[in-house]
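Number of protein chains: 2
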Amino acid sequence: MTTVTVVEKILSANDRLAEQNRARLDLAGIFGLNIMAAPGAGKTSTILRTIKALTPQITIGVVEGDTAAVTIDADKVIAAGMPAVQINTGGECHLDAVMLSGALTQLPLDQIDLLIVENVGNLICPAAFSLGTHANVLISSVAEGDDKPYKYPNIYRGIDALIINKIDLLPYVEYNLDYFRRGVELLNPGVATFPISCRTGEGVDSWVQWLLGKVGK
Amino acid sequence: MTTVTVVEKILSANDRLAEQNRARLDLAGIFGLNIMAAPGAGKTSTILRTIKALTPQITIGVVEGDTAAVTIDADKVIAAGMPAVQINTGGECHLDAVMLSGALTQLPLDQIDLLIVENVGNLICPAAFSLGTHANVLISSVAEGDDKPYKYPNIYRGIDALIINKIDLLPYVEYNLDYFRRGVELLNPGVATFPISCRTGEGVDSWVQWLLGKVGK
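If you're matching them up, the sequences are chains P and F in order. Under my numbering, residues 1 to 217 are what the first sequence spells out, in order. Under my numbering, residues 1 to 217 are what the second sequence spells out, in order.
Rather than coming from a laboratory, the hints here were simulated on the basis of the structure. C-beta atoms are modelled at their ideal positions from N, C-alpha and C, and glycine is treated no differently. It is possible that some hints are incorrect.
Derived Cβ-Cβ restraints for the label pairs, each shown as a range [unchecked claim]: (1) F/G201 x P/S101: 49 to 59 Å; (2) F/V98 x P/Q111: 46 to 56 Å; (3) F/P189 x P/T71: 17 to 27 Å; (4) F/A79 x P/A53: 38 to 48 Å; (5) P/S206 x F/P108: 48 to 58 Å; (6) F/P108 x P/T200: 46 to 56 Å; (7) P/R182 x F/Y179: 29 to 39 Å; (8) F/G201 x P/A69: 31 to 41 Å.
Whenever a hint applies, use it, and build me the whole structure from the sequences.
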């Protein structure tokens, strides 16, 4: 019982800080996006494709969450010409509102239209922690198989858009798109869904149009 | 500080139960294997390939860990003719020694030579919890990319063998095997490594021979 109480207090404190993050983004006129996915589903690749599609129309700030002290992803974003901040969670399996709050102080918020937060690669823990962003996006790679909505239902319930990445691999993997989508539909009926390939660029336009509508630019 | 203390107590209690699990397996003459991986790397596929290769030479019991109340994986193992028990972690991001202890009571331990535990799909949390098994194996899929050892170092440090799965996809993904292996070598020098394809069966023999050596049959 003690442990449960501690967890409840942490979640509640996190929610209050998430509200503060949201207010800070709103004040600066920034739309905040939280991208979640399993390791290697293509979070960074999707962010790089999105930057490429939206430059120079809008300015994107990126927060990169990693469990280790590596800057592989942040370096790629900076090389693409956008400001990025790396969060090292120190082994924690998700980002939280405290971490994002710290990262926001290091970004030029007055120059940014869209903030993209790349969460830690994990289909379980990130679903439980609000960050204060305006939308949650999940990326699922077809190489992961078609049963993921059935196995990791919580993360599918709380998302505003779903990207199905690596569709260029469909000819080479066993993947039933109908089965996958039926699973998603049970958890999150009608969720906006974008099959894309970061490798070939296929489908990226539809995703970017949806995002532009949210950013309002 | 309070939270840290609670976590330490949980870990210590887990380690004591892990020792009990180990003693139980040793008494029954069972070799216990803990398989970890990101979602969709091919844990169940590897288990099914292993069962196929080792039947009827040895009897394998399987414990399937999932965060949700689904029996997709356990059903596949039972269809392959082996006893399986499903653990629903109730949203938890890893198995622990308590969960395994409960599952062991539901398996016919006197008939089993090899116990395979399929952990929850996650590259972070499972690394922190001993189960009492004799060896940890990590499966990494080439579709996840070649930078995973750099991004999720903890899980690579504690493994006894590494399976690189889905090598049939190598012609279709950007993946530098040398870069991947350099990362692994920094964390776990000389770890036994088996590139395989569960789809085509390539490389499975070497993995199974290593495993047979451990089981001692």
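The hints, checked one at a time:
1. F/G201 x P/S101: 49 to 59 Å: holds, 50 Å
2. F/V98 x P/Q111: 46 to 56 Å: holds, 51 Å
3. F/P189 x P/T71: 17 to 27 Å: holds, 24 Å
4. F/A79 x P/A53: 38 to 48 Å: Check passed, 45 Å falls within 38 to 48 Å.
5. P/S206 x F/P108: 48 to 58 Å: holds, 52 Å
6. F/P108 x P/T200: 46 to 56 Å: holds, 50 Å
7. P/R182 x F/Y179: 29 to 39 Å: holds, 38 Å
8. F/G201 x P/A69: 31 to 41 Å: About 39 Å separates the Cβ atoms of F/G201 and P/A69, which means 31 to 41 Å holds.
Violated hints: none; the structure is consistent with every hint.
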